[in-house]
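Colleague: One-letter residues, chain by chain:
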Amino acid sequence: MRAPSERDVAAGEILLAVENVSLSFGGVRAITDVSFDIRKGEIRAIIGPNGAGKTSMLNVINGFYTPQQGRITFKGETRNKMRPYEAARGGIARTFQNVALFRGMTALDNIMAGRALKMHRGLFWQLLRHGPALKEEVEHRRKVEEIIDFLEIPHIRRIPVGRLPYGLQKRVELGRALAMEPDLLLLDEPMAGMNLEEKEDMSRFVIDVNNHFGTTIALIEHDMGVVMDLSDRVLVLEYGRKIADGAPDVVKKNQAVIDAYLGVAH
Amino acid sequence: MALNATAQADTFPKLLIRNATVHRDRTAVRHKDLGIWQSWTWAQVLEQVRAFSIGLDALGLARGDKVAIIGSNRPRLYWAMCAAQALGAVPVPIYADSVADEMAYVLEHAEVKIAVVEDQEQVDKILSISERLPRLTHVLYDEPRGLRDYDHARLQWIDAVQNEGRQRLANDPGAEERWHEQIAAGRGSDLAIILYTSGTTGQPKGVMLSYDNVIISAQNGNAFDALGPDEEVIAYLPLAWVGDHIFSYAQSYAAGFCVNCPESPETVVEDRREIGTTYAFAPPRIYENLLTLTMVRMEDASRLKRRMFHAFIDHAKRWGEKILDGEKVPLGARLLYALGEVLVYGPLKNRYGLSRIRVAYTAGEAIGPEIFRFYRSLGVNLKQLYGQTEASVYITAQPDGEIHADTVGKANIDVDIKIAENGEVLFKSPGVFLGYYKEPEKTAEAKTPDGWVRTGDAGFFDPATGHLKIIDRAKDVGRLNDGTLFAPKYIENKLKFYPNIKEAVAFGDRRDFVTVMLNIDLVAVSSWAERNNVVYGSYQELAGHPLVYAMIEEHVAEVNRSLAAEPVMAGAQIRRFLILHKELDADDGELTRTQKVRRGFIAERYAPLVRALYDGSDAADISTEVTFEDGRKGVLAARVTIRDMAPAPVPMERAA
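As they're listed, the protein sequences go chains G and E. Start counting at 1 in the first sequence, then tack on 314, and there's your number in this note's numbering. Start counting at 1 in the second sequence, then tack on 2, and there's your number in this note's numbering.
Treat the hints as calculated values from the structure; they're not laboratory data. Yeah, the Cβ is synthetic: ideal placement off N, Cα and C, and Gly gets one too. Any given hint could turn out to be false.
[Stated by the list, open to error] Capping the alpha-carbon separation at 25 Å, the derived lysine to any residue pairs in SDA-like fashion look like this:
id	chain 1	residue 1	chain 2	residue 2
1	G	Lys457	E	Arg20
2	G	Lys457	E	Glu276
3	G	Lys354	E	Arg147
[Unchecked claim] Counterexamples of contact, computed for chain G against chain E with all Cβ distances above 10 Å:
id	residue
4	Ala430
5	Met538
6	Gly539
Turn these sequences into a full structure, and let the hints guide you.
Modeller: This is the structure:
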């Protein structure tokens, strides 16, 4: 894992920049001309009412959707189209709104799966189970165990994920994303459907990940309390457009944001 | 030879140095970390403790200073104890789940100078109360996670302290020598540790134990069960509990056996299974939980497996304990038991991590006889032990082969026991505590002038087995007017053993005879009612039903028969009983929040019923105010029937 880096968001260099991105599905405009950036080491929240285009935006960032217009600059490299595996290899990991784990596999194996991209030995060596592949696997396992320890889930290591309660599944999913040692971690509603205690736990892990590994995090979240506490900057979308962007307490006072959430005749 | 070695090694640091020579390359400690068991030999532990100790010295820790130890069972917290003791300082373990305020009391009272804690959680607690602790100079932590950005003026990572110690050892040739001199200056009669007992009332009291107390008790415990350096134990009980201190620290140092620290509190069962402990200690609830888990899992198993399980468990119930105790058992039963061992008992014990167990203890509170027998029938040598902090644990224990579910065994090696006039158990032993820290009046209350310690428990020696039976807290024990001992809880527990009886409240102190009020268990009795075609409309109706009375009367008669078999108790048989028309409830103040009956309060609240129990009437009217779930209050009126019981005859040979 990367050595903890000094956290200096204000002056931080830009890790990812989105410029004038527009995305539509046929006639439906999901995102219209949105620009924003994510600085290295920050926790960046994306909020907005239902259907505002938040998840679409994440999908654009990690290359799952290809925007019709606009450019994305990640780690200094500009492109208008990124493939998911390029994103993954480039250091973008994500979790999903609905848990997307291998339900029949153990928590440990699920997190190990997150290391797949880091395995360099081919199928031949892996089948042999000796020599360099084994050595590599031991090394990966050590990293995975660090994550298990970090997320405080050693007791569920050998339990098939399908049998775990939802809150723990979410944690395993976070573990799998962390196993990729990402530079940018995208969390799609990490606290959805959780009770208060689980939310507090998850919030603490998000902060710890950010602090300890120095990972830049972009998250979508509906719980305003959580968003305001966690994030350094907040981007607000409504109907696919950016209506506000800035520090939490600034955004909170923004009239457009208040209107969007309380509902105003358009 | 052993005597010679121990004669010199009368403190833990001395024992450590002995072990580092005698058991040099033997594993002393294991800790599962990042999924792998890390281990340290005795020689390595000595190196760790030495570095830690000299690091503590550098922080200014001196003879007589107190060091708080707060956290779960981790090697470095155990090492902190020995490292402090090497300097003549006194470790004070504190329950890790205490809230900051409770912690503040102990830290203040013990005048703690350095706190060695597990992680951020504990650091936060201490920092939140630090203005109340002017004497506290340093807080050391084991797990650095989350603490990077904290102000490190008074805060240090244990690693840093150890490194400081190692540096000093490297730079100063005399440092090691001086450290050994410090250890040599320690005496067996010195204060070794202060353990705060939680205490049900008032503030916790600091029990001071000397090295002699703890080490001689541990050696006697080892001798009692022939424990040697090959044992494996798992340390998972609170550090601040005397049980853990003796089992995971003192006995390990005395015998040289290996202590295994689990990965986290949630993984204990799995970790125990990986280690295969040979010596175990647990309060009854641990055994209960394992059993419940098994039963629940079996419900989900396939029908074949379930039938096999139950068939063999029934067989084990019949023969298992006899085989374990070395009694005569027919060959057929033995063979079937051997088959069961392969198919059911072995795999079950493996699940529990008890495959290699030689000695397992349960203590702390009474264990249900059913649960106790279940484990014994599987071939687990589960035994009961009776002890307390003031005795450095050991008062009595059950010797191998002399196991009775309802006794706590015989006096341990070197322990003398006597029963006082009022039935209270008194003891004298090498483990008798020095006193309560800074509370001489309380010490004087607990110790008699001639050196006996009051346990606060009432009990008697069972004439048939010679084993001690604990019946109740001494303050709850009273006497009937004719002088017979009356132990309410003993009688109540016998009654509550029947699933149909949920609660029982016994009266008899300064009365002519014993009476009880009973609560039926709605779940058990309603299913009984269904099977016996008893029709009822409400709890009250069911409780007053003549057939229910008849069934309960049988239970009471059985309890009387069992009381009659015990000479001390025979005079305290139940003469009259009634079944209450409502369930006793904590919301009405009749039970404590921990579901214990509040006898005095109940006697007041149901005064007309108590009067009727003693004035010979066969029914009584009662109306009580009740609190409903939603907080509303109402009045419940009823006519409660009272039944007379004929006392069971006392068996002649016992009465003689």
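Colleague: Against this structure, judge whether each hint is valid.
Modeller: Evaluated hints:
1. G:Lys457 - E:Arg20: violated, 39 Å
2. G:Lys457 - E:Glu276: Status holds; Cα separation ~22 Å.
3. G:Lys354 - E:Arg147: Satisfied, since the Cα-Cα distance of roughly 22 Å is no more than 25 Å.
4. Ala430: holds, 19 Å
5. Met538: Answer for Met538 of chain G: holds, closest chain E Cβ roughly 25 Å.
6. Gly539: Holds, since 21 Å exceeds 10 Å.
In terms of the numbered hints stated before, the structure departs from hint 1 and from no other.
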